[in-house]
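Peer 1: With the hints in hand, could you dock these two chains into one complex?
What follows is each chain in one-letter form.
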Amino acid sequence: MNVRTTPADHPVITGLAVASPIGLGVEEFWSSVLGGDSGITELDRFDASGYPARLAGQIRDFDAGAHLPSRILPQTDVSTRYALAAAEWALADAAVTPETLPDYAMGVVTANALGGFEFTHREFQKLWSQGPEFVSVYESFAWFYAVNTGQISIRHAMRGPSAALVAEQAGGLDALGHARRTVRRGTALVLSGGVDSALDPWGWASQLAGGRVSRVADPARAYLPFDAAACGYVPGEGGALLVVEDAEGAHRRGAPQIYAEIAGHASSFDPPPGSDRPPGLRRAVELALADAGAAPGDVDVVFADASGLPELDRAEAAALTAVFGPRAVPVTAPKTLTGRMYAGGGPTDVVAAVLAIRDHVVPATAGTRNVPEEYELDLVLGDARERPVDTALVLARGRWGFNSALVVRRHPN
Amino acid sequence: MNRRAVITGIGVRAPGGHCTKDFWELLSAGRTATRSITFFDASPFRSRVAGEVDFDAGAEGLSPREIRRMDRATQFAVVCARDALADSGLMPGEPDPRRVAAVLGSAVASATSLENEYLVMSDAGAHWLADPGYLSPHMFDYLSPGVMPAEVAWTAGAEGPVTMISDGCTSGLDAVGHGAQLIREGAADMVVAGAADAPVTPIVAACFDAIKATTPRNDDPASASRPFDGSRNGFVLAEGAAMFVLEEYGAARKRGAHVYAEVGGFATRCNAYHMTGLKKDGREMAEAIRAALDEARIDATAIDYINAHGSGTKQNDRHETAAFKRALGHHAYDVPVSSIKSMVGHSLGAIGSIEIAASALAIEHHVVPPTANLHTPDPECDLDYAPITAREQRVDTVLSVGSGFGGFQSAMVLHRPEVVSR
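The listed protein sequences correspond, in order, to chains A and B.
Whatever position you read off the first sequence (first residue = 1), add 8 for the working numbering.
Whatever position you read off the second sequence (first residue = 1), add 21 for the working numbering.
Excised from the complex, chain B in its bound form (with noise of 0.2 Å):
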């Protein structure tokens, strides 16, 4: 008997809202929640827009130890874990830790707190160490950033496979494929994985002013992510996390579980091309795309819906209708394709996750979230990508796709479990 990864437990932390339902719902609706940057003066930056989350750790229930001690991405995964295993209905302790697993997906890690331990321990950028007093406990967590799938660990009481993730920006996406294999190969029982990144920062924000990655779109910020519109010119730097409870399907059946989507296939190949740039023909990702509806024994014309990367930059997306076209063939042009990013921006590494959640809650609500802001689409880009308005509709198979530097394509295949019999 062939052993099957399903998700039976969620948990998001986006920009626009304090928990999973207030994110379904700002996607249902179609509403962004990209808005000016708040969190440091971002005058001197060529991008000025970014999706915040509005975190309050304390009303969170984070104690005054972790909220010291947590990178702000390190936060949010705690909390969106713990979320999550309050939603899969386990009860502490079960199942067996030492069959328990934990998979933490990010891209920068504890970009935050490097930074604001840089600015103590420099001086503001003055000079280098004038007073080693200033150097924090917890900076050696923040150098190496282990500590992150660490504290997750504990929050699950997972003692069995344990790591990080960190394959840029398909680093959410590869956590929870590589949390399903955990499953399907009998290392785990059940998995916490997802994905956290918290990179609304100065030098983050200024990795990408340097490459012109992010857009400058700063008078219009609610309307400034723009995936597959003519007029798009980068994607908008984000934060948030998404976390999973990941079960053995049939472990889930017998205690009565409820099964949000079944992680069918997963697949990532590198394009072994250039660490930021694209090549047109979307070879690569289609080749993921291949490789995990094979997995996921799953033919392209049963996908319901793609939830595209979608960031926003002119390579991207056509890059990407490339791939879909070369992967589903005719099929590409029937189906519905969204970018989230145009609602949420981009999280780096968090984000693939969050699109995992929004996929696993299409199917859950049988409804396409729609690509924001999107009204005069590039004529390179001629698939159908769900403009404005969510789509009340049938949807049983969703793939989910995401590309980063590095050369990273990774494909996702999420369904009902009824969809396929092993």
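Next up, chain A with everything else stripped away, as it sits in the complex (with noise of 0.2 Å):
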């Protein structure tokens, strides 16, 4: 068996970065989520005035030869191109070259819950209307779903054990606890997490089509988790690259700051519709902590996956008061500032997290107002909360029954 428990055994997180609509950049990121500044707004990207639903979280700061070389540009889709820029970020954050680390010692493992798919859907056009020699010679890997792990490595001379995980938004935590296993299992440092974007306007169909979609035109009201008044999600671009290492490895190297460890992780899937039996995120909560060597009681704040939508959010509600008992943990959701980002929703919430565990503070869900008594919450509301957090957990579900929890902790130095 391959279950320690001693907190060397931890890996920790030792660099950070984020591309978000509400920042490129951790500390932009981060101080948008203090001050509840929401990066949700009307659709630009291409006419979607025929569309139901027409708010999304875009990124609309990023201009990409300034972060990327150019003859990277025509081979990759927009969320390759964040996931470049944010990975030399999160690189740069933790110190880490190329001769950092001997062969093989750096990895990469990102989650992907859309593929390159504004490309693809350029391509199929041209297919379509002109002809298979019009196809890009780039259409073969800028479209599958382990572009994003394979650039990441190319650029920066990764060669070690890599993947790429699809499970929608829960993927993006997936990854980050198989990269947690890569380095328990001997790989020194892996760059780790998940980008997403499909604002095309077949990917925004397509994401419409899923029936989730809030359909309400107010940004200050569309995405309202844990609210009487939830009624869908609005969807989001972007995600969060982090560099996860073996803790004696960054101390060696000289890392220059260990934000936290990942304590635990754990995932599971809930029973086939229709089955009587309980759904699964209360489980994969208990084997997270379980696995983190965690009682309920030492959690300081959840990072709720908060779907928006009121069986969801019910049922969350619930598994976390069978948990941690009624009001008993604080409980947030800063995603609502930047809708639901796919394989980068998890990623970019474990990063507001540890920010949180650096800070001491609960940043807010900002929109909800008004939770149902039954839910027996204690979410985070206004203002972000001061207080000490020192253990944070982070839930994220995927659409069909995808549950992840992952447990983030202050390193012992």
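Heads up, some of the hints might be wrong.
Claimed, not checked - Chain A side only, calculated, beta carbon under 10 Å to chain B, not exhaustive:
hint, residue
1, Gly123
2, His129
3, Ser148
4, Ala150
5, Gln159
6, Ile162
7, Ala165
8, His186
9, Arg193
10, Arg285
11, Phe410
Derived from the structure by calculation, the hints contain no laboratory data.
These figures come from a predicted structure and were not determined experimentally.
All C-beta atoms, glycine included, are put in the ideal place defined by N, C-alpha and C.
Peer 2: Okay, structure coming up:
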């Protein structure tokens, strides 16, 4: 068995990067989170006037040419450009260069839920309106779900064990869990997280086809998880990448900082639709806490999945009260400011959790006001709440039944 | 006591057959199943041959609703998972669903359905979304293919860890490698793992046409896939799936399960070189092979058969030959190497799992499947590629490797459990 519980065996987070609708870069993101500055606006990538939902969390100030070499641009979807920029920021934050560690000691594990969708939409168009000879020589690898892992690996000469995971919104936390596993099995450092975007007309229509996107037109009232008026989610784009490494190795190489340790992770899957067996989120939380060697009382804040659909909000609240008791732990969902970013959502919440630990503050859930009594949640509303934060639980659920739970904790030194 | 992961059930859908038994008969007879493309009018394409599966979803037991909602690749995965579960002899509900995991590999996921929906929504490419009434309620599932492992999980009754591994053309090896790791580390007691892809569709054909990765040998479809041959000039696009039941060895033995093979070791590395190109020296694949052997605690000289990636592109077959020599030293010249892609083509993410099935069945039957269509080897490919005819010989330990876009290089060691004591 490969299960260890001594603190030295918990891999640590030494680098952070966010590319989100509320900030390119960690500090800009964090000040928007604490200030409640929303990135949700009318979709303006294309004429969305004919679509029943028109709000999205868009990244509006990203100049790809300023962040990436020009030869990368023709071969990448917008999501991969965000991923490559974030990879560079995360590695710089952790002061990692290709020379930092021996060969094969650095890997890349990312999650991806949507692929290079805008890019591939364009190539479908060329194929069917012009012919196969017009399809880009880059389409074969700009589209597929491994693209971000592959491109990051090449750009930063990271040749260790690497992978790409797909599990809708849960995939990003699963990727971090897999990065942790990879480090514990002997790879010194893994760059991990997730980024997604599909804000072209086809990607947008497809997201709406899922039936869970809010049709409310007011950006302040469209995505209200745990509110009595919850009516769906607002899609966003972007995500986060984090440097995960062996704690001793981080000390040895003189990493500029250790933000936190990844203390526990678990994932579970719900029973098939129509089954009378209980849903799996509570079990994922319990397994992740056990993996971390933590009791429910040790958790200082929960970053919720916060689907924004009443039945799913109720199920998440029930799982939390079952584990922690009624109103026993502060719960928050800063993702109301960015929208749900699919594979990018979980890792972005982990960045927020790590910064909550750094600064001893719990950000608020912007927008939500009226939480039904029956949820028995202490949802942090209004202003950020200053309080000691040493351990945070981050949750993500993916459509069809994916549950993922990750525990981050202040590093002992 | 170390936990060990073994294969106790296999389900395959590959070109040239309807079940695992057909698949093995094709391989052991050295027959090829590549043909001129029948799924669409391929006349505007450079490469017009493929390995297509003659698949009747209704006859396979899928309900009309399942057929409507599932992409073709998902259908493959689900019927293979059902076969693998039946083959394992496990009863529904055992073991405890909370201890059952599902891992599905796929490179291009719902490509077939994406293309079908694109054609409907764009009126065959004429203009975008003239009538939103044509938008399929399943379109989100095709956009975000997490539904594929979810369908496998529902088939298997899995409520433990469930995920999709999408590492391009090593997905099928990596998914099973991940599944075996879940057993070993104690996260699950049973895993349904494998891979599926259904990429014989115009958009994927165009992708590989554009970079001349697929063969233009259209006049001889049955002999179009020619790994290691001097005349090889690209791979043959194909489709299919293979799924496995993985269990902890002690538990499998206790219930008297038939054990095909143990997943003894698995490793993956990246070449960090190029999204589609390979360096000649095979360094990273060799490193993956060494790491997989190390994990299996098996010496290179114990390998009885190498199931190669053998895609039949100029660069791949040389790269791989160099990797075998680098990792195995002189033993590389003594061990038979073969590519079943010569017979069933290259089904992208699925093929890694289909090749694991071939490897497990090679151990089961003590037979090395051949490399078909290999008449005049490339002088730079100077190993024993088991040309044309299958060989009956002792097969206790197999190395299976894969190489994929993105730079992924993966290696797995499969062996009879009795070969090593742990």
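Peer 1: Holds or violated: A/His186 as interface residue toward chain B, Cβ cutoff 10 Å?
Peer 2: This interface hint holds because 8 Å falls under the 10 Å limit.
Peer 1: Using 10 Å as the Cβ threshold, decide whether A/Gly123 counts as touching chain B.
Peer 2: Check passed: Cβ of A/Gly123 comes within 8 Å of chain B, closer than 10 Å.
Peer 1: Grab the minimum C-beta distance from A/Arg193 to chain B and call the hint holds if it beats 10 Å, violated otherwise.
Peer 2: holds (8 Å)
Peer 1: Identify whether the interface hint at A/Ala150 stands, where standing means a beta carbon of chain B within less than 10 Å of its own.
Peer 2: holds (9 Å)
Peer 1: At a threshold of 10 Å, is the proposed contact between A/Ser148 and chain B supported by beta-carbon distances?
Peer 2: Check passed: Cβ of A/Ser148 comes within 4 Å of chain B, closer than 10 Å.
Peer 1: Taking 10 Å as the limit, does the beta-carbon of A/His129 come near enough to a beta-carbon in chain B?
Peer 2: holds (8 Å)
Peer 1: If you take the shortest Cβ to Cβ gap from A/Phe410 to chain B, is it below 10 Å?
Peer 2: holds (6 Å)
Peer 1: Measuring from the C-beta of A/Arg285 to each C-beta in chain B, is the shortest one below 10 Å?
Peer 2: Constraint on A/Arg285 satisfied, holds at 7 Å.
Peer 1: Go through the hint on A/Gln159 and say holds or violated, using the shortest Cβ distance to chain B against 10 Å.
Peer 2: holds (7 Å)
Peer 1: Next item in the hint list is A/Ala165. Is there a CB on chain B closer than 10 Å to its CB?
Peer 2: holds (5 Å)
Peer 1: Measuring from the C-beta of A/Ile162 to each C-beta in chain B, is the shortest one below 10 Å?
Peer 2: holds (5 Å)
Against the hints set out earlier in the document, no violation occurs for any number.
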